[in-house]
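Student: Knowing the structure of chain A, use the given hints to seat chain B on it.
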Amino acid sequence: MILETATRTLELLTNPAVLDITLRSIRVSGVATILALVVGLPIAAALALLNFKGKEIIKSIFNALLGIPTVVLGLVLYILIAPNGVLGYLGLLYTELGISVGQMLLILPIIVSFVVNSIERVEREIRDLAYTLGATEFQTSLALLREAYSGVVLATIAAFNRAIAELGIALMIGGNVFVSGGRYNTRVLTTAMQMYVARGEIEVAIALGIILIAIVFSISLLSNSLQRCYGLDKT
Amino acid sequence: MDLIKLERIWKSFGSICALRNVSLNIKESEVLTIIGSNGSGKTTLLRILALLEKPDSGKYYFRGKLADESLRGKITLVPQKPVVFRGTVFYNTMYGLKVRGFKNAKEKVRGALKKVGLEGYEKRNAKLLSGGEQQRVAIARALAIEPEVLLLDEPTSNIDPNSIPAIEKLIRELVDDGMTVVVATHNLFQAKRISDRVVHLHEGKIYSVGSVRNVLEEPKNEVTRKFVLGELYY
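Quick note, the sequences are listed as chains A and B, same order.
Residue 235 in the working numbering is what sits at position 235 of the first sequence, and the numbering runs on without skipping anything.
Residue 77 in the working numbering is what sits at position 77 of the second sequence, and the numbering runs on without skipping anything.
Just chain A, same shape as in the assembly (with noise of 0.2 Å):
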């Protein structure tokens, strides 16, 4: 079964269908982990280094929203982007577009919570040592964000590695659609997986399983040892 599986995989991996797949897995999560950079640092300095009232409500609302199951949002986007939709007019559902943004929706809680942590913990000892070196209010607040480097590091690929290994608004958003050739398929990695699962071919679901996973652990390892060696995991 080990030996069939391995086979299979390396089958696949020079299969261009997969290949068409698994690199719109990588570009539809990394269109999202970017979106949700863009939106999400602003809102994480804002949250860490400006004192304002219900600021304390906001976090706890992003950190509430790290869990919530990846269906309820995929429903929720449903309805809003559905043609008779409030956004429908977007014209997002059944894009790779929409899965990008349903997905950016989904890691963002992760990108504001993790960074605002990041900074916090650095904020109170890199203050003060910004502000007795004359460091002005701005200047200080460069300096929290520049050491919270790590931080914004490990949300991102903890925000990649959910959004490229979550199902429910892939498959809801993006409907799954295939066509050999076609210009407006949204099948990615996971909805091709439980297809596969739900045709009884699990051999070529445990494959692209495998893809995934490989493609998960090669960014977090990545990661890792250039952050090692850079001397930036020591914070």
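Among the hints, a few may not be true.
According to the in silico footprint, chain B covers these stretches of chain A (three or more CB under 8 Å from chain B) [stated by the list, open to error]: (1) 103–111; (2) 115–129.
Every beta carbon over 12 Å from chain B, so not counted as near; a handful from chain A, in silico [to be verified]: (3) Arg8; (4) Leu41; (5) Ile57; (6) Ile68; (7) Leu80; (8) Pro83; (9) Leu133; (10) Gly168; (11) Val177; (12) Gly200; (13) Ser225.
The set of hints was computed from the structure by calculation and includes no laboratory data.
Since the model is a prediction, treat every value here as computed from it, not as a measurement.
Each residue gets a CB set at the ideal place from its N, CA and C atoms; glycine is no exception.
Tutor: The following block gives chain B in isolation, referenced to the frame of chain A:
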């Protein structure tokens, strides 16, 4: 005129009173050492002097004027636990100069590193240095901005014994060059070696201020005498 004058400073953290009615004068170009047991208020006093904490009440004058946050940088603190920025030793030592607009200050950085015995360390990753080396980076970083007052919280607590004489010699040299240095320590031998004047702080209150002889060798105050003789439990 005194460089710094503290008048009736009180500071509490919740129910803990860290400083009680502390009044203190600090002269220009002297080494003033604050001695006291753990929890006596030494660090709080240094943080107030560094303008990192505001007293609950009392006045803080610098050159006769009320001190405010614009003095940060002129008065700089090296904390007990060495804190370094992510980046090279050069980046760390340059930071204070950079935030003040100096762009080409390599000589100042090199000079500061030389003073603490870290010549050639410029390109090393500060996070990967030992605790003692990080402490010396922290001192170099403070020296690079040429402050008027240097506050050192237990400056040799993380440094290997062989390097302590060099740091103590550096403190004396800085004062000879006109800097004012305030050191918090519970090492009485070090206080004897480096101090012009000594302050004994106990449970947030000053019990003695004066020369090494008056405070450490022949203390008149009973609490100070017990502390110096090791009879004060902490």
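Student: Non-interface claim for A:Pro83: all C-beta distances to chain B beyond 12 Å?
Tutor: 49 Å, holds
Student: Are there three or more residues in the stretch 115–129 of chain A whose C-beta lies closer than 8 Å to some C-beta of chain B?
Tutor: holds (count 4)
Student: Far enough from chain B: is every CB of that chain over 12 Å from the CB of A:Ser225?
Tutor: Answer for A:Ser225: holds, closest chain B Cβ roughly 16 Å.
Student: According to the definition I'm using, a residue is off the interface if its beta carbon is farther than 12 Å from all beta carbons of the partner; does A:Arg8 meet that for chain B?
Tutor: 45 Å, holds
Student: A:Gly168: least C-beta distance to chain B exceeds 12 Å?
Tutor: Answer for A:Gly168: holds, closest chain B Cβ roughly 37 Å.
Student: In terms of Cβ atoms, is chain B entirely out of 12 Å range of A:Leu133?
Tutor: About 4 Å separates A:Leu133 from the closest Cβ of chain B, which leaves it inside 12 Å; violated.
Student: Just checking, A:Gly200 versus chain B, shortest CB gap more than 12 Å?
Tutor: Fine: 52 Å to the nearest Cβ keeps A:Gly200 off the interface.
Student: Just double-check A:Leu41 for me: nearest Cβ-Cβ distance to chain B has to come out over 12 Å.
Tutor: It holds; A:Leu41 is separated from chain B by about 17 Å at its closest Cβ, greater than 12 Å.
Student: Minimum C-beta separation from A:Ile57 to chain B exceeding 12 Å: can you confirm that?
Tutor: Given a closest Cβ separation of 24 Å, the condition holds.
Student: Please count how many residues of the stretch 103–111 of chain A have a CB within 8 Å of a CB from chain B and say whether that reaches 3.
Tutor: Coverage by chain B is violated here, the residue count being 0 at a Cβ distance below 8 Å.
Student: Taking the closest pair, is the beta carbon of A:Leu80 still more than 12 Å from chain B?
Tutor: Check passes; 41 Å lies beyond 12 Å.
Student: Is the nearest CB of chain B more than 12 Å from the CB of A:Ile68?
Tutor: Holds, since 32 Å exceeds 12 Å.
Figure legend: structure checked against the earlier numbered hints; hints not met, in rising order: 1 and 9.
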